[in-house]
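Visitor: Okay, here's what each chain looks like letter by letter:
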Amino acid sequence: MKRRTVLAGLGLAGVGGLAAPAIIRPAMGATVVGVTKTEIKIGHIVPYSGNASSYGVGGRSHSAFFKRVNDMGGVAGRKINFISLDDGYNPAKTVEQARRLVEQEQVAFLFNPLGTPTNTAIHRYMNQRKVPHLFLATSADKWGDYKAFPWTIGYAPSYRTEAQIYGKYIKQQRPNAKAALIYQNDDFGKDYLHGLQDVYGKDFDKTFIKVVTYEASDATVDSQVVTMKDSGAEVLVTGAIPKFSAQVIRKAFDIGWKPLHIMSNVSASIASTITPAGPEKAEGVITSQYLKDPTDPDFKDAPDMKEWREFMAKYLPDGDTTDANYVYAYSVATLMHIVLKQCGEDFSRENIMKQASNVKKVALPLLLPNMTAATTPTDFRPLKQLQLARWKKDTWERFGDIIGA
Amino acid sequence: MEGVLHQIISGIATGSIYASISLALVMIFLATHQINFAQGEMAMFSTYVALTLIQAGVPYWGAFVLTLVFSFIAGMVLQRTLLEPLARAPVLASVGAFLGLLLIFNNIAGWIFTYTLQPFPTPFGAGAPILGGMLSRHELGSTAVTLVVLTAVWAFFRFTRLGLALRGAAYNPVSSRLVGIPVARMLSLGWGLAAAIGAIAGMMVAPIVFLDPNMMAGVLLYAFAGALLGGITSPLGAVVGGVLMGVIENIAGAYIVGTELKLTTALVIIVVVLVFKPSGLFGKTLANRV
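Keeping their order, the protein sequence lines are chains A and B.
Residues in the first sequence are numbered consecutively from 1, following the working numbering.
Residues in the second sequence are numbered consecutively from 406, following the working numbering.
Worth flagging that the hints you see were computed from the coordinates, not collected in a lab.
Ideal Cβ positions, reconstructed from N, Cα and C, are used throughout, including at glycine.
A few of these clues could be false.
[What the hints assert, rightly or not] To list a few chain A residues with every Cβ distance to chain B over 12 Å, as calculated:
| # | residue |
| --- | --- |
| 1 | N70 |
| 2 | H123 |
| 3 | V212 |
| 4 | P317 |
[Claimed, not checked] Output of the computed footprint for chain A on chain B, the stretches with three or more beta carbons under 8 Å from beta carbons of chain A:
| # | region |
| --- | --- |
| 5 | 430-440 |
| 6 | 510-519 |
[Stated by the list, open to error] In silico EDC-like cross-links for lysine to aspartate or glutamate, where the CA-CA straight-line distance does not exceed 20 Å:
| # | chain 1 | residue 1 | chain 2 | residue 2 |
| --- | --- | --- | --- | --- |
| 7 | A | K41 | A | D71 |
| 8 | A | K281 | A | D254 |
| 9 | A | K354 | A | D145 |
| 10 | A | K258 | B | E407 |
| 11 | A | K190 | B | E665 |
| 12 | A | K210 | B | E665 |
| 13 | A | K341 | A | D71 |
| 14 | A | K210 | B | E489 |
| 15 | A | K258 | A | D293 |
| 16 | A | K171 | A | D187 |
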């Protein structure tokens with residue numbers, strides 16, 4: 001068993017050596033931190049404890065992923081030393097952990113730290129220190145701001161991109177309909193407002209005749225749903241977390257309001273939104289996806305799914321293979337791996353950032369068919385495509401083409 | 406016009422959620438003259454106990470009663486072990502203990518039951534909503550339950566010797582002790598009753614807002630505003646105040662200040678009541694002889 005792994009590793013290293021570009025020497029004045037001849041140190045922060053601890057599986061998945069990379073010979077002859085710390089989804093703690101990783105552990109860069117408030121807390125710090133802050137596990141739109149924050153780059157389609165795609169769909173399907181929007185009154189919710197405004201421009205107020213908000217601490221949004229129904233809107237966009245999306249679905253159904261309902265994919269979880277709301281009440285609700293659902297029979301025999309299942313079986317045998325967090329983690333870790341391979345021999349922070357922002361169109365495993373990731377120095381949003389899906393009876397059914405923002 | 410009516414009915418339904426927690430706050434205040442900030446989290450925890458029982462196959466009303474018994478005992482034990490030693494400590498120490506309890510219950514619930522949103526069953530049937538969808542069966546049923554609890558609490562304090570002893574122990578512990586009331590036992594009884602009322606509230610709220618460890622965070626604030634508005638010394642006031650909060654919130658949110666300032670409205674009400682009529686609409690002014 002062990003021997004085979006070594007052989008496989010050698011084989012891959014050989015192929016990698018052939019395909020690698022000519023050795024690039026670090027440019028003058030480049031900062032190499034956390035990388036030696038034998039090791040690349042990567043930092044990661046995720047809530048293993050507290051409120052958002054269900055995302056902790058992302059950290060476990062990354063650790064296993066880089067273990068596999070090491071088993072196959074590492075990157076450019078170096079082993080990955082992946083240091084993953086817990087912040088309990090508490091921004092104050094995130095700052096502490098980021099400083100520990102950057103100043104004490106001296107990592108080369110941070111990869112995929114999770115959460116909007118948590119990453120906001122270290123956004124400025126990472127950029128002042130000029131430490132790459134790569135492929136964040138949050139879909140806020142602000143991670144795409146390459147001018148003000150050239151060391152930070154996002155990953156998943158942002159909420160604003162998502163809202164733009166919804167806007168395009170509504171414009172095309174119901175060009176003359178009146179619409180209503182409900183969003184959470186914070187950065188996350190406002191991305192939906194801004195994305196729709198991007199699409200409708202000055203016509204926004206004419207189309208969206210009722211725009212209401214809620215606070216994450218509210219008990220219910222029943223009143224807002226009643227207000228939106230009374231406005232006479234025939235289209236509804238919900239930019240909300242599962243608890244309130246479930247309430248919107250239930251209340252709209254109870255008061256007999258049947259708009260074309262488009263809901264944030266933050267709330268696409270069957271367990272936390274659809275089941276509490278009642279699957280029959282959610283009939284016809286539309287959301288969007290970019291990852292393959294591991295329970296979708298369509299993808300049962302897809303090569304990337306098989307590759308992923310083998311990875312799970314070997315490296316995370318007790319991991320839940322219906323948990324989409326593992327799917328997400330595998331796709332973003334693959335992108336990270338590609339960027340590291342692209343670095344050649346130059347692991348200076350400048351070059352790592354340069355390679356992260358020069359990813360040529362690549363079909364990452366577990367993205368929906370025909371979707372690609374790509375970045376340029378003026379485009380810090382690796383994923384910009386989504387496919388819509390409609391709730392039918394007991395499952396999300398994807399429909400239509402892949403839509404780009 | 407139909408819109409206004411709809412907002413009012415929906416507000417009464419939401420308000421009855423606030424009212425049920427207000428009632429538990431009033432209960433603990435009458436019994437101990439303190440505001441328990443952990444009341445909401447204790448109720449949430451009891452609700453998880455009920456859900457666990459139901460999932461284990463106990464029928465709804467069986468689980469309901471068992472949860473009440475559990476909460477009553479847990480409330481008494483908490484008072485005996487945690488608050489009794491703080492009896493002579495300054496008020497701030499108790500406030501600190503309440504806030505600590507809030508965090509402890511919240512985290513333990515998350516640790517044991519996870520933070521995933523869970524549906525909670527209703528005993529009133531899942532049939533079609535009434536009044537053109539304005540009121541679900543559960544909302545109607547839970548409002549009725551709140552009224553029953555209100556009547557029971559009122560009658561308990563008004564007509565029973567135990568209720569009188571409880572009030573006496575909170576109002577004037579020294580004199581109560583002199584006339585033979587076991588003050589310490591009365592305080593833990595008050596905690597037990599408040600925890601049980603909280604548990605009822607939790608089980609009535611959960612089907613509407615869904616169950617997760619943070620279920621009560623928002624509710625408690627409105628409940629607190631409701632209890633102050635109605636008068637923290639009056640069970641009837643708590644219910645009227647809670648329901649009023651729900652209606653005011655909806656009307657203000659829909660027609661006056663907009664949804665962005667709904668929460669602010671609740672906070673403004675707390676401040677206004679405290680400044681102009683600290684005893685609330687139905688409350689009695691408490692005078693302490695110095």
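Visitor: Decide, hint by hint, whether the structure agrees.
Guide: To see whether the hints hold, each was checked on the structure:
1. N70: holds (32 Å)
2. H123: Non-interface label on H123(A) holds, nearest chain B Cβ at 25 Å vs cutoff 12 Å.
3. V212: Answer for V212(A): violated, closest chain B Cβ roughly 5 Å.
4. P317: Its Cβ never comes within 12 Å of chain B, the nearest being 22 Å, so this holds.
5. 430-440: violated (count 0)
6. 510-519: holds (count 3)
7. K41(A) / D71(A): Distance ~16 Å between K41(A) and D71(A) Cα, so the pair holds.
8. K281(A) / D254(A): holds (8 Å)
9. K354(A) / D145(A): holds (15 Å)
10. K258(A) / E407(B): Status holds; Cα separation ~18 Å.
11. K190(A) / E665(B): Holds. K190(A) to E665(B) sits at ~12 Å (cutoff 20 Å).
12. K210(A) / E665(B): holds (13 Å)
13. K341(A) / D71(A): This hinted pair holds, its Cα atoms lying about 16 Å apart.
14. K210(A) / E489(B): Roughly 53 Å separates the two Cα atoms, so the pair is violated.
15. K258(A) / D293(A): Roughly 27 Å separates the two Cα atoms, so the pair is violated.
16. K171(A) / D187(A): Violated, at roughly 25 Å.
Violation of the numbered hints given earlier is confined to hints 3, 5, 14, 15 and 16; the remaining hints are satisfied by the structure.
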